[in-house]
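Q: Each chain, written out:
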Amino acid sequence: NSKVIQTPRYLVKGQGQKAKMRCIPEKGHPVVFWYQQNKNNEFKFLINFQNQEVLQQIDMTEKRFSAECPSNSPCSLEIQSSEAGDSALYLCASSRGMEVFFGKGTRLTVV
Amino acid sequence: AQSVTQPDARVTVSEGASLQLRCKYSYSATPYLFWYVQYPRQGLQLLLKYYSGDPVVQGVNSFEAEFSKSNSSFHLQKASVHWSDSAVYFCALSMRAGGYKVVFGSGTRLLVSP
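Chains A and B are the protein sequences, given in the same order. Mapped onto this note's numbering, the consecutive letters of the first sequence carry residue numbers 174 to 284. Mapped onto this note's numbering, the consecutive letters of the second sequence carry residue numbers 1395 to 1508.
Everything labelled a hint here was simulated from the structure, so no lab data went into it. For every residue, glycine included, the Cβ atom is placed at its ideal position computed from N, Cα and C. Check each hint, because a few of them may be wrong.
Unchecked claim - DEER-style ranges, computed between Cβ atoms:
| hint | chain 1 | residue 1 | chain 2 | residue 2 | range |
| --- | --- | --- | --- | --- | --- |
| 1 | A | G187 | B | V1450 | 48 to 56 angstroms |
| 2 | A | P243 | B | S1507 | 47 to 55 angstroms |
| 3 | B | S1464 | A | K191 | 48 to 56 angstroms |
| 4 | B | D1402 | A | Q190 | 34 to 42 angstroms |
| 5 | B | D1448 | A | P247 | 35 to 43 angstroms |
| 6 | B | A1411 | A | I231 | 37 to 45 angstroms |
| 7 | A | R182 | B | R1503 | 17 to 25 angstroms |
| 8 | A | T282 | B | G1447 | 38 to 46 angstroms |
| 9 | A | M271 | B | A1473 | 25 to 33 angstroms |
Excised from the complex, chain B in its bound form (with noise of 0.2 angstroms):
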């Protein structure tokens, strides 16, 4: 069955340091990947997308992803964090069964300190 593991519920970081959030997922057929961004009391606004070609993505306000077939995981990652950041990250696959379905992970909140 299709999953998306989240290892980290909460992440703190500085301002100005570099960010990974992990994603693993499980899939058997291609698996269309995703980073969507949470802010309080908001819907999901998308950062980023995979669904094949160079496996590293990249999204908006600087955000990147990676991509690895072998680890099956698709990471989350900034140079330098903002206060700005500081929200829920949601990393989803999403099938072509059922219209796309999306399948989401538990989140990780993001607090980026002074």
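If we strip away everything but chain A, and leave its shape as in the complex, we get (with noise of 0.2 angstroms):
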């Protein structure tokens, strides 16, 4: 069972409002990951770190999209300016090696 934590499991945020959501890895995996999914189903990758280094990103992370991945604090995941596009469900994974670990989840409403 994955022992990946992500709050708040649901968010409601405004149009043009801040986002945050956080994730606690599994203990000692030093690769994290978000993902966005969408009511279709589809996943798309946002980022990811390796020991607190961004390892990869999408452009529309570069742009209203930030995280970070201190040490010895919960990762995290912040929309600048909410649009009702960003309205999906926010997937923090870990992972030591080929396996990954899925949390349950942020599910962000942007009304």
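Using the hints, build the complex out of the two chains.
A: Here it is, written out as structure tokens:
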């Protein structure tokens, strides 16, 4: 069973508001991922970290999205100015090697 | 480019019947393949994984999958489904590049009817 902890489970924000979600990866997992799952069950990779350093990120993440994974603190994903199209399930995952474990996600609704 | 294809968006089977969910992948290197299940309002749970060796892998809840390099496939199977198996199933591929970033298929929604 996955021990990736995501908070909050649900988040409701107005358009233009900041939205911040957190993730505690499994202990000993150096790699952390953020994915966005839309209502059509399509997954979009956002960003991943290895030992607090960014490995890869997509263009969307570079503009309105910011993420960090400091040592000894939860990882976080923040949307600076939420848009309706950001409404989705945001999944955090961690891995040590090939196996990737997912949290239960934060469901963001932008109204 | 790497990709995962699940050709069946929805599958309906009767309780107690056998099940096969299809998955095909495209990747030039050695694939690391997974099946995840997602229940309503939940995250993803790992069902099983394939790295190498025996092409038939066993997973949780009596699921198994068979890897075929010649067919580029990784189909999920179960001999007898239960109503609680109703969920969305995702086939996925992990790549060594980018810290084992995962590429997902589009998912298959399984409905088990009584």
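Q: Run the structure past the numbered hints and jot down the numbers of the failing ones, going up.
A: none
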